[in-house]
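In order, the protein sequences belong to chains A and B. Those letters in the first sequence? Residues 1 to 278, by this note's numbering. Those letters in the second sequence? Residues 1 to 341, by this note's numbering.
These are computed hints drawn from the structure, not numbers from a lab. Hints may be right or wrong, so weigh each one.
Pair by pair, the computed Cβ-Cβ distance ranges are [claimed, not checked]:
1) A:L75 <-> B:K140: 50 to 58 Å
2) B:V61 <-> A:R68: 40 to 48 Å
3) B:T151 <-> A:S40: 44 to 52 Å
4) B:D180 <-> A:S135: 37 to 45 Å
Incomplete in silico selection of chain A near chain B, CB under 7 Å [said to hold, decoys possible]:
5) G44
6) T46
7) N124
Just so you know, even glycine gets a beta-carbon here, dropped at the ideal spot from N, CA and C.
So the chains spell out like this:
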Amino acid sequence: MAAPIAERRHGFGFTAPLLGLMFIAFNLPILYMLALSIWSAEGGLTGAYYAELIDTPIYMRVLGNTLRISVVATLVNVAIGYPLAYWMRGLSPRAQFIAVALVITPFWISILVRTYAWIVVLGNNGMVNRLLLWSGAVDAPVSFLYNELGVMIGMANVLLPFLVLPLFASMLRIDDRLMQAAASLGAPPRTIFLKVFLPLTLPALAAGALLVFILCLGFYVTPAILGGGKVPMISNLLDMMINQYPRWEQASAVSTLLLVVTLAIFAGYRALDRKVGA
Amino acid sequence: MKRRTLIKATAGLPLVAILRPGLAQAQVKEIRMIEAGGKSGESIEVGYGNPFTAKTGIKLVRESPAPFGKLQAMVASGNITAATFELGSGSLVQAVKLGLVEKLDWAAINPMAIFPEAKHEYGFGYQYYSTGMAWRKGAKAPTNWADFFNTKDFPGKRTLPDYPQYAIPFALLAEGVPMDKLFPLDVDRAIKKLLSIRRDISVLWKAGAQPPQLLKDNEVQYAIAWSGRIVEEKELEFTFKEAAADLSYICTVKGAPKAEQEAVAKLYYEMSVPENQAKAAAVIAYTGSSPNLDPLLPKDKLHIYPTAKQNKDVQWVSNAAWWAENGEAVNKKWEEFKFNL
């Protein structure tokens, strides 16, 4: 039901200043940075920076590496987050409250502290390795950190709440009676889950996974610390190009490419969403 | 109705935040410096900032860290928030090329005697520091770079700096290239040597505090680190043999207000006083640029300072001009090296 025309105009008057401020303070600087990639030093449009981007194989490989790590981290998140949300749904209301609090509380701690905490836990002298060595399961400390494994663990941990909370909220909204109806029609528990429950949670799962994936693509802090400089992701590359040896035009070209790839993935998701919803 | 009018009236308030406050200040109250931070920054405050404030009444406000991009952003935007910036020798050459720093008026600064290389046209060389081998007490002590890269006889994990200007020459020294024949660098040969120990390279560090922490945690057994971070630690060892001696500069940002530049000249003077340099050296084991500093340093600790006679002679100095020319190409190869680790 659309609001009457008079009320709609009223509403826009209130939001216009804020939208204007956001456009000036947020969108314009980003557009300026992206425009750097096509504006040559002499003045005039140029595709030279993009040509250099394609000519340097390392940049494309790092982008590919980032996409691969993000996909795997997202899948790990889904593998952990979905069962967690499903289990939380089956708890009593008080237990649910405690479980949600446990999922949200890490947000109160700075992301840097959380990331460094992983170094204490997973380091060569850390808790996990000491336990493994004491129990005799391994002879030498296992390298959890400063490689892709460490980066995945850190990213999965930091981004898990982004998947679990929307998923949990959507799972709560699923009526129990739907599953009872399926059971009354003779369906075994596995079929109930696969044919009734899972399809209903799929939109929220897809949205949460997409959010986690996009966050992974641009993630800087956790891969920089837990990767030990050995896991090159696009954000670390951009940091070097902007801060260390400044080639802002190159950095801008890489950023634009990343933005285009992300928008393409998002467009694909929207197309899929519309097809499924139809 | 009244509430709506009030809200409409305050709709324009956020714009006030964009308006810049008036900058008409005849008296300079504070000078801002963007520097590397950590203990090094503290040494600046203790050694040079406090005497400067005591003499002139102007506060020295420090910010950190000092990535090169920040300097470029400041000058490009025209909004100079800090009058001084700390640059390494290679970054200084780049900054001069890009026109980001002001020429220093050495006549106005009128410093006490300092080494000639510290009296750069565009910067004040305030801190000598060394980069070299470090290890835990008790690990087999390496005597040269070939030992450091020899993982069979010297087992253990290593951490290297994520800065090609340090890692590449050290790899070449391990290959047997003599110190005076390092430049022009044979980058491909160095990268091959680095990849040969790829299984034992644990971390590529970016912050100076990382290597001593990793060594203390026994996460790695050997490290390349900055000398001042290691020499004061009781459980760690450092050697100046074949280390890289380098100089850090404080520069004036291009476009800094004239009044601030005059105040900064007085700060530069303080940096040339040997007594102040001795105070700074007490905070972190790096030396200033005065030739008269040695008598003021504690006699029993002379060996930990980069410019002490016994140390200065066994080190080599980088070629900043070569890096300014080839830095970008080397950085691309360095990224590929990290990818292949």
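Okay, the hints, checked on the actual structure:
1. A:L75 <-> B:K140: 50 to 58 Å: Since A:L75 and B:K140 have Cβ atoms about 44 Å apart, the given range 50 to 58 Å is violated.
2. B:V61 <-> A:R68: 40 to 48 Å: This hint holds: roughly 44 Å between Cβ atoms.
3. B:T151 <-> A:S40: 44 to 52 Å: holds, 47 Å
4. B:D180 <-> A:S135: 37 to 45 Å: Check failed, 54 Å falls outside 37 to 45 Å.
5. G44: Cβ of A:G44 sits 19 Å from chain B, so the hint is violated.
6. T46: Where the cut-off is 7 Å and the nearest Cβ of chain B is about 18 Å from A:T46, the hint is violated.
7. N124: holds, 5 Å
Hint compliance for this structure: hints 1, 4, 5 and 6 are not met, and every other hint is.
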